[in-house]
Amino acid sequence: MADAGRLRQAVITSPALSPVTLVRIAIIVTILVGWELLARSGLLYRDVVPSLVAIANAIVALLSDQSYYWNLGVTAGEVGAALAIGGISGVIVGLVLGANKFLSRAYEPYLYYLGPTPKIIFFPIMIMWFGVGPASKVALGTLSCFFPIALSVAAGMRQIDPVLIRVGKSFRANVWQMVTKVYLPAMRHPIINGIRLGLGVALIGTLLAETKLSNRGIGFLIIQAYSLFDMPRMYAMLIVLFVLAIAANTLVGRLGGLDSIKRF
Amino acid sequence: MSSTAFARSRFGSRFGPALLGFGTLVGLIALMQGLIYFGVLNEFIVPYPIDIFRAFERIIVEEHVFDRFLLTLQECVTAAVLLAIFGISIGAILYKVDLLRRATETWVAAAAAAPTVLMYPLFLVIFGRSAWTIIMMGFIAGLPAVILKTIEGLSGTRRVLINVGRSFNLTHWQIFWKIQLPSALPTIFTGFKLGLIFALINVVGVEFLINFGGLGQLINDLAERYDLAGTYAAICFVILVSVLFFMVVERIERWLTRAV
Numbered sequence: 254m255a256d257a258g259r260l261r262q263a264v265i266t267s268p269a270l271s272p273v274t275l276v277r278i279a280i281i282v283t284i285l286v287g288w289e290l291l292a293r294s295g296l297l298y299r300d301v302v303p304s305l306v307a308i309a310n311a312i313v314a315l316l317s318d319q320s321y322y323w324n325l326g327v328t329a330g331e332v333g334a335a336l337a338i339g340g341i342s343g344v345i346v347g348l349v350l351g352a353n354k355f356l357s358r359a360y361e362p363y364l365y366y367l368g369p370t371p372k373i374i375f376f377p378i379m380i381m382w383f384g385v386g387p388a389s390k391v392a393l394g395t396l397s398c399f400f401p402i403a404l405s406v407a408a409g410m411r412q413i414d415p416v417l418i419r420v421g422k423s424f425r426a427n428v429w430q431m432v433t434k435v436y437l438p439a440m441r442h443p444i445i446n447g448i449r450l451g452l453g454v455a456l457i458g459t460l461l462a463e464t465k466l467s468n469r470g471i472g473f474l475i476i477q478a479y480s481l482f483d484m485p486r487m488y489a490m491l492i493v494l495f496v497l498a499i500a501a502n503t504l505v506g507r508l509g510g511l512d513s514i515k516r517f
Numbered sequence: 007m008s009s010t011a012f013a014r015s016r017f018g019s020r021f022g023p024a025l026l027g028f029g030t031l032v033g034l035i036a037l038m039q040g041l042i043y044f045g046v047l048n049e050f051i052v053p054y055p056i057d058i059f060r061a062f063e064r065i066i067v068e069e070h071v072f073d074r075f076l077l078t079l080q081e082c083v084t085a086a087v088l089l090a091i092f093g094i095s096i097g098a099i100l101y102k103v104d105l106l107r108r109a110t111e112t113w114v115a116a117a118a119a120a121p122t123v124l125m126y127p128l129f130l131v132i133f134g135r136s137a138w139t140i141i142m143m144g145f146i147a148g149l150p151a152v153i154l155k156t157i158e159g160l161s162g163t164r165r166v167l168i169n170v171g172r173s174f175n176l177t178h179w180q181i182f183w184k185i186q187l188p189s190a191l192p193t194i195f196t197g198f199k200l201g202l203i204f205a206l207i208n209v210v211g212v213e214f215l216i217n218f219g220g221l222g223q224l225i226n227d228l229a230e231r232y233d234l235a236g237t238y239a240a241i242c243f244v245i246l247v248s249v250l251f252f253m254v255v256e257r258i259e260r261w262l263t264r265a266v
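Going line by line, the protein sequences match chains A and B. So for the first sequence, this note's numbering puts the first residue at 254; every next one is plus one. So for the second sequence, this note's numbering puts the first residue at 7; every next one is plus one.
Extracted from the complex, chain A is given alone in its bound form (with noise of 0.2 Å):
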């Protein structure tokens, strides 16, 4: 009996089944149910919000495309690319802006004032410089991912406490060993806030560089699916798209030792 009632109570406290969890599911329902009855109503143009039944068969027949996953493939180099570019510069800047007041007061205002520009207005002239090819996608990519990095990197630097400056200099380490001993390993929060806020702005502007001009990458395929009007498509491009992104984020952020999502 005691056994039934520990067993009874195990399940009721159980994270599985607490009133959170019962939340979620029903919102999820609601939505799911309200979306298959707006598909069948027949309210909107067809296709627009095509039926669950369409959008399943539509992820499981591009998960088991080969052409997708080598599409896939593409904005991945090109989004690795962009990040290894734009990141290592982005550190470099950072370090140097962070490690002098002068420089920093001198330059950083027009980083300040220009990471949060449109970057996709640049791609006329990417295209000009680097080509129609994935080198002005890699390109625009970078400058997207670039500012935020600098930025994190210098205000981080800035926060390194003084006592670890100071012993670093006791021990008369060089520059180098300030850097890679005292500087980085202290900066590794903001570093990897930098760097999963540089993926997210270099993901999107490789991707919206695609839509725009490309004939290869996840953004080629869905602005294909949006000219053939192959609505499920799309929608399953989307939400695949969605889930890797916010995966990419979290382990990005789980690797750095920070919360799993994006804070503002």
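One or more hints might be untrue.
What the hints assert, rightly or not - Cβ-Cβ distance ranges computed for the label pairs, FRET-style:
| # | chain 1 | residue 1 | chain 2 | residue 2 | range |
| --- | --- | --- | --- | --- | --- |
| 1 | B | Lys-184 | A | Thr-433 | 51 to 57 Å |
| 2 | B | Phe-92 | A | Gln-319 | 37 to 43 Å |
| 3 | B | Gln-180 | A | Leu-417 | 45 to 51 Å |
| 4 | B | Ser-19 | A | Asp-414 | 24 to 30 Å |
| 5 | A | Ser-342 | B | Ile-245 | 16 to 22 Å |
| 6 | B | Tyr-232 | A | Leu-417 | 51 to 57 Å |
| 7 | A | Gly-326 | B | Phe-62 | 39 to 45 Å |
FYI, nobody ran anything at the bench for these hints, they're computed from the structure. Glycine included, C-beta positions come from ideal geometry on N, C-alpha and C.
Let chain A serve as the given structure and place chain B on it in line with the hints.
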């Protein structure tokens, strides 16, 4: 005077950084002019800075850049109004209904990490190639920031202020309007500022991508006409507008923080 001594002097420490920053900018422009002049850079890829400067007059007179600016501004303002109405309301509801907040807050934060701007082809199908597609993209991009910051601001109200309200027998509604909302205003405005920035980025970006609307369309038009100097000038104009926009919003935020 050596550069180090200049940096340490009172004039140098006050105006030195600004002079260095501006001087570097002017130096880069002069370098570009020289590199194009001596054929190192191709003038059919990078136009002379002087031509870009001259093109400003052309984009103002012939391309009606101020009318286009007003169009973009109109779209941004509409998106901002939607953000204020829906973002703050949803944030306040989630704050009031704790269970709903705990169930959905991580979803809202996850939505902020998702590349929602990629949904623009979907919105093109729903709203057509119209200003509403652009406005809705701006609105959706800024919504998570406003919701999250509204919840954060309302949750951060000092306990003592609420207790003072209770001691005056204020109703829940009065406590919310007279204590919690004013106290949360700086944080809510920070969220609204972030939302506005995302909205502006998306509005101009989607204008460029769908070739419709104000400043974004102008850049796309000029690029398609291969009007190089005009394209560069239009991009410079958008940068100037964005910088001014952020400066104004930041000033308002500082004023609001001081006032509250």
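Hint check:
no., hint, result
1, Lys-184(B) to Thr-433(A): 51 to 57 Å, "holds (55 Å)"
2, Phe-92(B) to Gln-319(A): 37 to 43 Å, "holds (42 Å)"
3, Gln-180(B) to Leu-417(A): 45 to 51 Å, "holds (50 Å)"
4, Ser-19(B) to Asp-414(A): 24 to 30 Å, "holds (25 Å)"
5, Ser-342(A) to Ile-245(B): 16 to 22 Å, "holds (20 Å)"
6, Tyr-232(B) to Leu-417(A): 51 to 57 Å, "holds (54 Å)"
7, Gly-326(A) to Phe-62(B): 39 to 45 Å, "holds (43 Å)"
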